[in-house]
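With chain A fixed as given, assemble chain B onto it according to the hints.
2 protein chains.
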Amino acid sequence: MSILVVGSMALDTIKTPFGKCREVLGGSATYFSVSARFFESHVNLVAVVGKDFPQKYVNFLKKKRIDLGGLEVGKGKTFRWEGEYGWDFSNPRTIATHLNVLADFDPVIPEEYKRSKYVFLANIDPHLQNKVLAQMKNPALVACDTMNYWIGHRRKELVRLLKKIDLFFLNESEAKELTGESSLIKAAKGVFKMGPEKIIIKKGEHGALLFSGDSIFSAPAYLMESIFDPTGAGDTFAGGVMGYLARENLINGTTLRNAIVRGTVMATFAVEDFSLRRLGAINKSDIARRLKNFKKLTHF
Amino acid sequence: MSILVVGSMALDTIKTPFGKCREVLGGSATYFSVSARFFESHVNLVAVVGKDFPQKYVNFLKKKRIDLGGLEVGKGKTFRWEGEYGWDFSNPRTIATHLNVLADFDPVIPEEYKRSKYVFLANIDPHLQNKVLAQMKNPALVACDTMNYWIGHRRKELVRLLKKIDLFFLNESEAKELTGESSLIKAAKGVFKMGPEKIIIKKGEHGALLFSGDSIFSAPAYLMESIFDPTGAGDTFAGGVMGYLARENLINGTTLRNAIVRGTVMATFAVEDFSLRRLGAINKSDIARRLKNFKKLTHF
Chain A
1 MSILVVGSMA LDTIKTPFGK CREVLGGSAT YFSVSARFFE SHVNLVAVVG
51 KDFPQKYVNF LKKKRIDLGG LEVGKGKTFR WEGEYGWDFS NPRTIATHLN
101 VLADFDPVIP EEYKRSKYVF LANIDPHLQN KVLAQMKNPA LVACDTMNYW
151 IGHRRKELVR LLKKIDLFFL NESEAKELTG ESSLIKAAKG VFKMGPEKII
201 IKKGEHGALL FSGDSIFSAP AYLMESIFDP TGAGDTFAGG VMGYLARENL
251 INGTTLRNAI VRGTVMATFA VEDFSLRRLG AINKSDIARR LKNFKKLTHF
Chain B
1 MSILVVGSMA LDTIKTPFGK CREVLGGSAT YFSVSARFFE SHVNLVAVVG
51 KDFPQKYVNF LKKKRIDLGG LEVGKGKTFR WEGEYGWDFS NPRTIATHLN
101 VLADFDPVIP EEYKRSKYVF LANIDPHLQN KVLAQMKNPA LVACDTMNYW
151 IGHRRKELVR LLKKIDLFFL NESEAKELTG ESSLIKAAKG VFKMGPEKII
201 IKKGEHGALL FSGDSIFSAP AYLMESIFDP TGAGDTFAGG VMGYLARENL
251 INGTTLRNAI VRGTVMATFA VEDFSLRRLG AINKSDIARR LKNFKKLTHF
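Protein chains in written order, with the numbering used here: chain A, 1 to 300; chain B, 1 to 300.
Treat the hints as calculated values from the structure; they're not laboratory data. Values in this document were obtained by computation on a predicted structure and should not be read as measured data. Check each hint, because a few of them may be wrong.
Claimed, not checked - Examples of chain A residues lying across from chain B (beta carbon under 7 Å, computed): (1) Trp87; (2) Ile216; (3) Ser218; (4) Pro220; (5) Glu225.
No residue lacks a Cβ here, since even glycine has one placed at the ideal position from N, Cα and C.
Isolated chain A, as found in the complex:
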């Protein structure tokens, strides 16, 4: 079943203890769509770039057969993020954020995308996430992501959005900040009250938790020998989750758990190199192999 993702496309400048890169392909919609595309053949992307966006990156996404019918080229420069990771990969230091064309982004969903069954509203202003959702016709599952900034600065819009969300992706600190609870179980209960029936709390290198009704699933992280650059891991994870669900076109305890396992496995490829260098170079058998390892890792 078709997937729609609305999010950012970016040029990232990143420094980690292992090296640095300059103005490489990034953005939530990018990581998400490349990851989801391994599972589901119809991935529709809505995002905005500037006139300076390198054609080679457009070609890369075309080659991955992601539908770019919703990729707008705005007046001005592409969104840029510059950050640095220390040894603690969970907390990057943002050096600079240049919104550029993203500042005026007003996503228009192409007519042929409006019936996409699986919708992922990546981390952008909740005001825009609401506007996107208003354009959609009868989606089967609506998921979204957010970030601390929106929880602090666009709470009202976010709360309005959450009433219409089926599956909410957020990380530990976001869950705690949104609900004012220090325990994740209590935080999940608080989020349930805001609307979403299913919640995935991402714990980075420590795995992920799914809350769905009374059921909780605790997925351990895939153990990596080394992490090179964690940028995009969360969106790649969401891409694996949503791609799997769209392919199965069935939402229940079993498919959700298996979707999280796929998402976890996809994220491991994202963190092995800068940008989408590794994620863009793998094939389905690489995924199958790592999935098999993950099962071995967690079976008892």
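Only chain B this time, still in chain A's reference frame:
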């Protein structure tokens, strides 16, 4: 099969965000033995207390049918630890440590304990751990725990000990400090070179990892609605692991994984109240129920 534990018995004074307690029963040997006793009926304890050690705590352990033939009453006061936890339960602040009788502890293993098949050398000076081990006759499995202090201050003795250890329990920061590696996979490889064939890295609220040859097992933590006091969780975990292994009397991939799951479940009881108040009040059906929940939590 019989278990021997050599470790500390303590009077703990603890403050957490939820309350405080004064001079309550604690110590590695205490938590370990009470936990292990749920799985294996022969748990032999070697430790030292002072003349001031409350008889009610001795009675408590007797009632749990832990063999106290190796409990020495030394001249002087019982070991005391005073600590405070903030919201981050992984790092207590030590307010005071009074070694008292523990300073001169020179464990003598009673003749009838020397043939214990499963040996756990809880966190004490590695010099003493070596002395204990030298007294044992043909154990089937020798496990030990340690702490950052010994890694920094008794490295030579610890390295000497590790050559004779089958199963090494340590936490993330200890694994990294001992080996100088930031990745846990690399740290485990470094520890393998020091002797132990099996390593359990404890990640607190994030679960535990087992490394055994080429095989890795990643056990998620049991998700708790609230943690009251994490003191003793690691020793309770080790008690569950060793108790299960001693009962099964078989060391392979399956029993080790299942042992870690038992250890994880036991630790959840330790953290629900101060001291052994909760751990000492549960029965086997409480454990079975929580084990069932854990399986549900992690199955996919």
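Hint check results:
1. For tryptophan 87 (chain A), the shortest C-beta to C-beta distance to chain B is roughly 6 Å, which falls under 7 Å, so the interface hint holds.
2. At its closest, the beta carbon of isoleucine 216 (chain A) sits 6 Å from a beta carbon of chain B; the interface hint therefore holds under the 7 Å criterion.
3. Interface restraint check for serine 218 (chain A): the shortest CB-CB distance to chain B comes to about 4 Å, inside 7 Å, so the restraint holds.
4. At about 4 Å, the closest approach between the beta carbon of proline 220 (chain A) and any beta carbon in chain B falls short of 7 Å, and the interface hint on this residue holds.
5. Interface hint status for glutamate 225 (chain A): upheld, as the beta-carbon distance to the closest one in chain B is roughly 5 Å, under 7 Å.
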